[in-house]
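S.K.: Those protein sequence lines, which keep their order, are chains A and B.
Take 1 as the starting number for the first sequence in my numbering and just add one per residue.
Take 219 as the starting number for the second sequence in my numbering and just add one per residue.
Some clues are possibly wrong.
As the list claims (entries may be wrong) - Here are the simulated DSS-like pairs of lysine-lysine, each with C-alpha atoms no more than 30 Å apart in a straight line:
id : chain 1 : residue 1 : chain 2 : residue 2
1  : B       : K244      : B       : K360
2  : B       : K350      : A       : K104
3  : A       : K112      : B       : K318
4  : A       : K133      : B       : K265
5  : B       : K281      : A       : K133
6  : A       : K40       : B       : K350
As the list claims (entries may be wrong) - Restraint-style ranges between C-beta atoms, simulated for each label pair:
id : chain 1 : residue 1 : chain 2 : residue 2 : range
7  : A       : N172      : B       : K431      : 47 to 57 Å
8  : B       : E396      : A       : Y107      : 33 to 43 Å
9  : B       : L264      : A       : G147      : 23 to 33 Å
10 : B       : G357      : A       : N60       : 13 to 23 Å
11 : B       : V269      : A       : G147      : 11 to 21 Å
As the list claims (entries may be wrong) - Take a look, some chain A residues computed to stay more than 12 Å from chain B by CB distance:
id : residue
12 : R38
13 : E127
14 : I129
Think of the hints as simulated: they come from the structure by calculation, not from any bench.
No residue lacks a Cβ here, since even glycine has one placed at the ideal position from N, Cα and C.
The lines below spell out each chain.
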Amino acid sequence: MADEVILLDGYVSSFGMRVRVALAEKGIRYEYREEDLRNKSQLLLKMNPIHKKIPVLIHNGKPVCESLIIVQYIDEVWKDKAPLLPSDPYQRAQARFWADFIDKKLYDASRKIWTTKGEEQEAAKKEFIEVLKVLEGELGDKPYFMGERFGFLDIALITFYSWFHAFETLGNFSIEAECPKLISWAKRCLQKESVSKSLADQKKVYEFVVEMKKSLGV
Amino acid sequence: MADQVRLFGTWCSPFSTRVIWALKLKGIPYDYIEEDLPYKKSAQLLKYNPVHKKIPVLVHGEKPICESMVIVEYIEETWLQNPLLPSDPYGRAMARFWVKFAEDTAPAIWMVFRTTGEEQEKAKKEVLEMLKTIEEHAGLDKKRFFGGDNIGIVDIAFGQIARWFGVIEEVVGMELLEPHAFPLVHAWTNNFKDVPAIRGNLPDHDRMVAFFKPFRESLLASS
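Based on the sequences and whatever the hints tell you, model everything.
M.R.: Encoded structure:
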């Protein structure tokens, strides 16, 4: 029996992109459905009643929610190709720790860059760069976060890259100047088709953010 | 010989207690090091958790693992007896969803603890919403524990409800987990505390009230 895989998503969402990258890495065929977050579909509300958020993966009718949980699910179900998490429990714990760090620190810091001005924005930029520098330190001289192979932690972070252009333009700063090694890593990831085909176009993200600013009045 | 297992924690932390529960449920021997938080952090703690400088930290041999639920998953994957997660990927994804929910909603009760007035009211609302979500969506009407017949990772994640909630309720003078409003959650707290590994590793309610009451007063006085 063929698998039915549906992804409820939003084009510019870094969280949704994580799932797209994972599906592409594994070569899984799926149906992509773009959600209008101002007018959520009945299916989304039914499949994610608690959070009502994207991404949601619907596998043979059963929903999986939360981007990194979906990525782990994909890794466990389609386990015969392109393993995303390392097999060693300690390495897996490190990957989960750093993914948790990214989720706790990066999103909030980055959101403040485009929703604030003046001193508040300066503080947000500083915090954002600090978080990236910690991650850059963790990357060190390795090609990817867990070593020689692209995987879970790279997926967790790379999808924020499509928002960097928007942050740089609206925050008037250069991320590459502050974190050159991280940008090299990002460009390395982008050479993979699974990444380049899954990430949102940075100009479209910028246009989206400008629209959001207008509608939020910030 | 197996590598030594060390746990850095504090007696009254629900986060380090989560790790103790996982270790006890699997029968893993370990050495416990009590950290004198929030006043002093040992050199070892800062060495093993330079990023967050927090407990709990599990050190297996010389390998440190930080963040309580990351530690619990590590324990689950390293010691395979008495599994805390189901074996099927969908069951695991469901369990991880609820663990994340527990993590995301955990701070609210501590905001009730450390604030007053409007801020506290807002935190109280969040706590009640969390309890309502569990009551309505976790399927506790059909099972003893979040995972089914046996205690598992989600129960561990929500464990602070079974003891710390009562302590904070007493310290701030507010009832949040009303049994008639949340009968399923309330029943679960009793099932949870009945498990021997849990019952023998719950910090004492009165001892915690005696600690947290003056602690709250000092927090409010300095803010």
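S.K.: Taking the hints in turn, state whether each one holds.
M.R.: A quick look at each hint next to the structure:
| no. | hint | in the structure |
| --- | --- | --- |
| 1 | B:K244 / B:K360 | 25 Å, holds |
| 2 | B:K350 / A:K104 | 24 Å, holds |
| 3 | A:K112 / B:K318 | 23 Å, holds |
| 4 | A:K133 / B:K265 | 19 Å, holds |
| 5 | B:K281 / A:K133 | 23 Å, holds |
| 6 | A:K40 / B:K350 | 23 Å, holds |
| 7 | A:N172 / B:K431: 47 to 57 Å | 49 Å, holds |
| 8 | B:E396 / A:Y107: 33 to 43 Å | 34 Å, holds |
| 9 | B:L264 / A:G147: 23 to 33 Å | 26 Å, holds |
| 10 | B:G357 / A:N60: 13 to 23 Å | 20 Å, holds |
| 11 | B:V269 / A:G147: 11 to 21 Å | 19 Å, holds |
| 12 | R38 | 23 Å, holds |
| 13 | E127 | 15 Å, holds |
| 14 | I129 | 16 Å, holds |
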